[in-house]
Every structure is written in C-alpha cells, then in structure tokens.
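Engineer: I would like the entire structure built from these sequences, with the hints used as guidance.
Number of protein chains: 2
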Amino acid sequence: MLEKALKNSSKSFDFKDMTKQLEMDFSRLQQEIAEKKLPVIILLEGWGASGKGAVAGEMIKMLDPRFFRVYTTAAPSDTEKRFPMMKRHWEKIPEKGKITILDRSWYQDLAIAKMESGISDAEYKRRITAVNTFERQLNDDGYLIIKFFLHISKDEQKKRFGKLREDDATRWRVTETDKKRNKNYSEYFKQFDNMLEKTNTPYAQWRIIDTSDRKFTRFQVYNTLVSQITNALNIEHRSFAPEADNFTDFKLSSVDLSGKTLTRDKYESKLKSLQKDLARIHSKLYNSKIPVVILFEGWDAAGKGGAIKRLAATLDPRGYEAVPIAAPELHEFNRHYLWRFWGHLPKTGHITIFDRTWYGRVMVEPIEGITPRERAEQAYNEINEFERELTDSGVVIIKFWLQIDKDEQLRRFKERENDPFKKWKITSEDWRNREKWDEYEPLIERMIGLTSTAAAPWNVIEANDKLFARIKVLKTVEDRLDEAISQKAKADKKKSEKK
Amino acid sequence: MLEKALKNSSKSFDFKDMTKQLEMDFSRLQQEIAEKKLPVIILLEGWGASGKGAVAGEMIKMLDPRFFRVYTTAAPSDTEKRFPMMKRHWEKIPEKGKITILDRSWYQDLAIAKMESGISDAEYKRRITAVNTFERQLNDDGYLIIKFFLHISKDEQKKRFGKLREDDATRWRVTETDKKRNKNYSEYFKQFDNMLEKTNTPYAQWRIIDTSDRKFTRFQVYNTLVSQITNALNIEHRSFAPEADNFTDFKLSSVDLSGKTLTRDKYESKLKSLQKDLARIHSKLYNSKIPVVILFEGWDAAGKGGAIKRLAATLDPRGYEAVPIAAPELHEFNRHYLWRFWGHLPKTGHITIFDRTWYGRVMVEPIEGITPRERAEQAYNEINEFERELTDSGVVIIKFWLQIDKDEQLRRFKERENDPFKKWKITSEDWRNREKWDEYEPLIERMIGLTSTAAAPWNVIEANDKLFARIKVLKTVEDRLDEAISQKAKADKKKSEKK
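Going line by line, the protein sequences match chains A and B. Going by numbering that gives the first Met the number 0, the residue at position 308 of the first sequence is 307; the numbering climbs one at a time, nothing skipped. Going by numbering that gives the first Met the number 0, the residue at position 64 of the second sequence is 63; the numbering climbs one at a time, nothing skipped.
Just so you know, these hints were derived from the structure itself, not from any lab. Misleading hints may appear alongside valid ones.
[What the hints assert, rightly or not] For lysine to any residue, the following SDA-like pairs were computed, each having C-alpha atoms within a straight-line distance of at most 25 Å:
| no. | chain 1 | residue 1 | chain 2 | residue 2 |
| --- | --- | --- | --- | --- |
| 1 | B | K265 | A | D63 |
| 2 | A | K308 | B | K95 |
| 3 | B | K275 | B | N286 |
Everything numeric in this text was worked out from a predicted model, so none of it was measured.
Structural biologist: Structure representation (structure tokens):
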C-alpha cells in the first residue's frame, strides 16, 4: 500500500496559492463543524522526522483553540498497561462539534509495539481488530476520522536526523531508538505497510503523504482536510454497523419464580459463609491481577441495590468501585455513548460494579425516545464487540438480570411508599416506568437473546424473594471468580514453563 | 492536644449493645444524607497499625456502595508533584448526598512530609494554611468533614508490627519506614501533635481515638459519626467565611476607550514580532517549569475568542490547554463550585487558558439567581484565597477584563447577525444579557475592586478596537512571563548556590 501511494506524488508545481485558499476554507469549516455538531478526529502517524509536529502546529493556527485539543501519544505507562488497551484512546475522543488532533495515536500500539515490544502475531491481530472496531463504532456514531501517514525515505530520514543533531537546540530530539529505526528502515517499512493495509477501511481511510517537499505536504494535508470535512458535513452519513451475529431465543416467562425462596436462618448462614469465601477470593484476585466487571440490570425495585450492598460488603474497599449509572449529562451525551463506561473500567486486580449500564441503550433510551429505534438497534452488536474487547484483554464480565413479576413490583412499590425510611427510593418516574412494563418486556428478551455471548453470558436471577436472589448473586460471583483465578493460574504456569 | 485527648479514654465498660444501636443509626442516617443532599467527608489518619483500614472496612459495611467512595492517599507521585498540592485532594470531594471516606488524606502532606521529605518550616506553615482554607471553604459550602486520628502507644505499635511480621500473609505490610517511625516515635508524636493542634478548627474538629481496645474504638467511631451527621442534618449550618480583606476602588467609566486603536499595518507587524517572541518564551517557560493560568473575562462580543486565538497560535499545542467554561453540568453543580476549575489547573511548564472562569460566581450566577446574593458575596474572598494558593505554589496568573462600551457591543451584535459565518455566535441569550448591562456594571466594578490582589491583579484591556486589544493582551502576557522566567532563574540560582 505504501509503494503504490507514493508513486502518485508530484513536486513539479507551485501549490502556494491553492494552499492559502484551502487554509481559509479549513478555518471557515470549523464554524460549520461547531454548528452542525460534527465530532472530528485528525490523527498523524508516520516516520520519525517526517514532520508530524510541524503539520499539527500549522493546522491549529487556523483553529479556534476553544474547539480543539491536541494530544501526544507515547508508549503506554505502567498504569495505562493495567487497563484494556483502548481505554486511554477512548478517553480522548472529542465532543460533538469539537476536534481532537493526535500527534501519534492508537497506531503506536500496533506496528511499533509489534516491532519493539515483542507482542505475538495473535495479539497483533487482536489489536488490529480492536482498532478497526473502534474506528467503525465512532464512524457509526457520526464521528469523522481523518488519518494521515507522513512518509519519508530512508535517506531523507537519515539526512534530517543528521541536521537535527548538528544543532545544539535540537540534538536531544534524535534518540537511540530513532537511529535504530533508521538502520532497520526496511523492516519497519514492511510492518507499517502491513498495518496501513489492514486498517485502511471504508470508514477510516489512510491518506499517505510524501513529505519530502514541504509545500506539497501542506497542500495535500489541507486538501484532504477540506474535502473530507466538506463531505462529512454535506453528504448523508454512511453507517457500517453489522447486526449482532449471536442469538439465543429467550422468554422472560420461562423464568420460573415459584419456590425460589430462602428462610431468614438459611439466608444468614449461607450469607456468612459466602462473604467469608468472597473476601478470600478478592485478595486472590488482586494477586492474580484479574480485572473484573460485575453489572446489574433488572426491573425497578428488583433488589439491585440490596444485592450490590451484600456483594460490596465482602470486598476490600480499596479494590473496587461501585458506579451508579443515571441519565447521561451533557458532556456524556455529546460523545459516543460507550465513552462514559470506558472511563470506569477496572485495572488489573480491581473490580467495577455497575448499577445499571450500557444496556440502557437498548431499553430505556429507545422507549423514552432518547435514541431513535434504528440507532438503538445497532447497539446490540456494538455492545457485544465492546464486551468482547474487554474479555479478550482479560477482563471477567459477570452480568445479572434481576427478574421479578409485576405483582411483586407493586408490592414493593407500596411497601416503599409506606416506609418513611424507604419513601425517598420511590418516585413518580418509577410509577410511569411501571406503566410501560409491556413495552419493556420484549426489549429485555431481545437484549438477553442478542447479547448472551459465550464470553459474557447473562445470569438471570429469580428475585421475587430478595434473600434467595442475593445468595444466588453471591454464589454466581464466587463460582465465576474461582474459575477465572484457576484458569489464570494455569495460563501463567504454562507461560512460565515456556520460558 | 494528643495527651489531653487520650486521658479521657475508658476501657472499663462493655460498649457492644450501644455500638450496635449506633451502627443502625449510621446506616439509617445515610438515607437522610442522600435525601437532604449533604456532602460528607470522613477521613482517617493516625499511627501505622492503629487500625485505619479496619475502621474504614467496618464503616462501609453499613453503607450503600452507590453512595460512597473510598480513597487511599499515598505520597504524591511525580506527576502529582507537578500540580499545586491541593489539586489531588480537591478532585476527590464528593457530590452532594454522597460520602467520601479517606484512608489517609491531605494530612500526609503535612506532618509526614515535614518529618520525611524535608520541607521547610515556611512551607509547612503554608501547607497548614492551605489545608485549613480548604476545609473552611468546604464547610462554608455545606460539606461535613469528620476527622479521626487513631492513636496507639509506641509499645502497642511495636507489638502490632511484631504480630504482623510473624504471619506470612501480613509480613509485607510492615515496611522499613514503619520500623523507623516506631523507633523515632517521640519525634513523630511531637510533629503529629503540632499538626493536630494547628488544624483543629471550629469547622473541622479532630476526634482523637485511643485504639488500644477494639470495642471501645468502634463505639467512639460510630458515636462520633452519628452525632456529627445528626447535627449537620438538623442544626442550622454555620459558615465561617471571612470577607475579602482587599479593596481597590474601581470604576469602569475610568477606562478611557478613546484613541486606543491600531492600523491594520501596525497591527500585523506588531503581531508578527510578538508571536515570534512568545513562541520563544513558551519553550523557556517549559524549561523553567513554571505553570501558568491565563484567564479571560469581558462583555459578550468583547473579543475574548479572537484574543485567545492569537495567543494560542504562538504556543506549542502540546504545552497548553484552552478551557471554555459554560454553565455547570449536574456533577459540577453538585460539588463546591471551585471543584471543576481545580481539575484543569496546569502542571509545571504548562499553560491553561480559561475562556470565562470562576468569576462567573460573582457576575452571572447572582444576576441569574443561580447562586443567592449572600452566598455569591462570600466568593470574593474564596477566589482570593484560591488564587493565592496557586501563586504561592508557583503558578503565574494573568487575568484579563476586556472592556467595550454599549454602542460597540450593539455594533458587533448586528455585524454578527448579518454575517452568515458569524451568525451562530449570537443567540437570544446574548440580547437578554445586554438588557442587563446596568445590573452587570456595578458587579464587575465590585469584582475588580475586591479581587485585584498583588499576586494576581486584573489587567483591564481597552477593547473597542480589536486589533489594539489583541496586541495589548499579547504584550501583557509577554511582559509577565518574561518577568516570571527571570525571577525563577534568579531563585533557582540562589537555591543551587546555597547547596
């Protein structure tokens, strides 16, 4: 891909006036970006000394600084390495109407990591998929992604390094790594080529630019920016979202709630022993460096809070975070809806407990008209991809649906209204939601049917009896974590034997 | 203070039943905290092995995990050290109706830092003031702060360390630092005592607890929690906010706007030379490790955006952040109003440019009824304290008020309405604000009068002519940064000569 792209370059023409016009266009388009609330990501990759910094610097001179943000991406820090790879990249996506400019980006975790951090072929492949999925999900949400790869030849690079080293003020910019990369230029060329090929998608195409001539570089950069932004603002947006490829037929009526009860005595004794076990497991988990997501969905008053409380009571408070999810605030609403969840993902050895989750996208959001039905429909597959990305990077996901019937809900609502200490828990919104029970039911069934994947299956909990439900939740967590810890121990053992 | 407090302890009584009752009360109070939207900070300090972790662990067993968050505070990381000291602590304050529990806190930056990081007496004193100001500002905003110091004797500590070291599972918890601290117990005792004395204030009193007996400890902890929370929920809140002790008489009418103009030619040539200078200064600034805050306030259409754009164009995009401030979102509104600004403060060598600021508190907020006038009145001093805290920790603050007259505003509003590219910049809200010009004027004068401090004076810019205003802004920034860099160089030289 690199070779072919480079053949088309030309240096024989003076592009100065045309560039000037394009710069003005770019500056003007910025206002349209703000008005039409288009979120834009511009990323710069390329060889060392190919001029990424200079191009970024020129670009922003045309922009209102309140509407863009520049980030530099280095190799991940030790803390960043403890999170799923894409977290640090997700966190930088702009709000609608704003621009993020990236001087190096997630592509540092691909070719460079492959060449220098010794990641396996399988891991490289996994990362390619993760990046393509990320860019496609952003595109499907209306983001415009403009990707530049700035190219120079081996000789040109060597010359530029030499020039930088001659000057006291710039000598520090040429590192040992840079020299090594220049020496092994042809291997890097192959690896970059492979990466560009594999991530050149209809929703995020690469623009490869020969930067040996500065004026021609500027012309090409602005020309690309103006044409891609103009297109995004004026041509109908094209989504590439595939449908979920996973379906299990599921009916809520198949959940047998009868007889799923526990006496208070039995509950107390089971609770005591489970809590002891889980405290022990949590410290093992920490040492095994396994990150865990435990999430709760269920009808209003199904007992999510009570179950979370019993679960949390077994855990070391420094090792978990409980995250209640309410309606999105403006800065959340103005970004891809998965953004706010990425920010709360656990690092290795830690647990995040979500009280309501990203599944709001396929339940309350279409019902309340917050998200159009067609758009919500895309979320089943997006969520599967999201969870897959997490489990692939080692996160254990435990999903609970707490099921009660309509009579039980009514009983609990009334109980809450009559209890001065619980009255605050029930609002007119709860009653309104209750009226929509029949609208929710098919969406819940569809959700469980489409998002019960092998890596992250739903656990449906019979919750008409709170005591029974809590014990089943704790037991499920215990079993799942026990299993994960022993699998991890086996895998670690295998790895160390190989060495 | 320590000795006196410890005399009152008692071990002769069985507190079990009373503690049980208090635990229930605490659990119930949590709902009232949520309902009445009381923000609560509970912090645990004390000797190593005094049981801070155990107390925190017990406390949270009674709480709904969705309403609290536990943080452990260690010595500041290298990155944290590059920010003003209180930033990492400000960031952890809870929203209204929620509880933050701190296992060690900002007090680690006091006594422990004094004993182990060799901070000077002057710096120690400064930090005491910073902490007291922080706690008073939180109190004045309605926060409840409960501070525990868990005490054990030298012998008891030695015994507990010994016990921990006997067990394989807990041996790692006793570090070399712990042993050293036990050896020098009496010196630490004196330092803790001094710290407790100096930070025992009417708005955040210390509760010193002898933890030699576990049951008595629990009783005292719950007793304190229940009584302090009950008080906070039921007794009228007492504010300790002092008035601003700084006043310069200032009238907007004294700003002479006439003749403050520049021709386009003069502007272009001045701009060119200033931008060159500032680019050079920015890289010096980075090497001098000076953090900078540049803030813009001014009438609607006074030209803040244009000035910021020209300023930003001179800077390395990796070294600054431009932060536009809009009306607070819910998670911001639910915390102390300074919270969201602390999060954007620059680290050493970096610049934050604020487009509108914390001064909204004393202009738009009282006028629009977002904050009651009496409460807004407290902000003058709070802001002076805030800015003082920043300048004391080395931040350079440059404040701009862009002044135009009413006719010029009208001209610009109309111009914007008639320009298809600028039309989006003008809304009905702008016209509404314009009607309140006469309400704003005295508040602006009061603001400049009360918050023009020696460390952070206002720069009033005559802005009827945009070109003139931009040049004056850039020139002011240049002069101020030049001065700061040479001062820093002198101070650094002095320091290195001392060594």
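Engineer: With reference to the structure, classify each hint as holding or not holding.
Structural biologist: A quick look at each hint next to the structure:
1. B:K265 to A:D63: Holds, at roughly 23 Å.
2. A:K308 to B:K95: Given pair A:K308, B:K95 holds - Cα atoms ~20 Å apart, limit 25 Å.
3. B:K275 to B:N286: holds, 18 Å
Against the hints set out earlier in the document, no violation occurs for any number.
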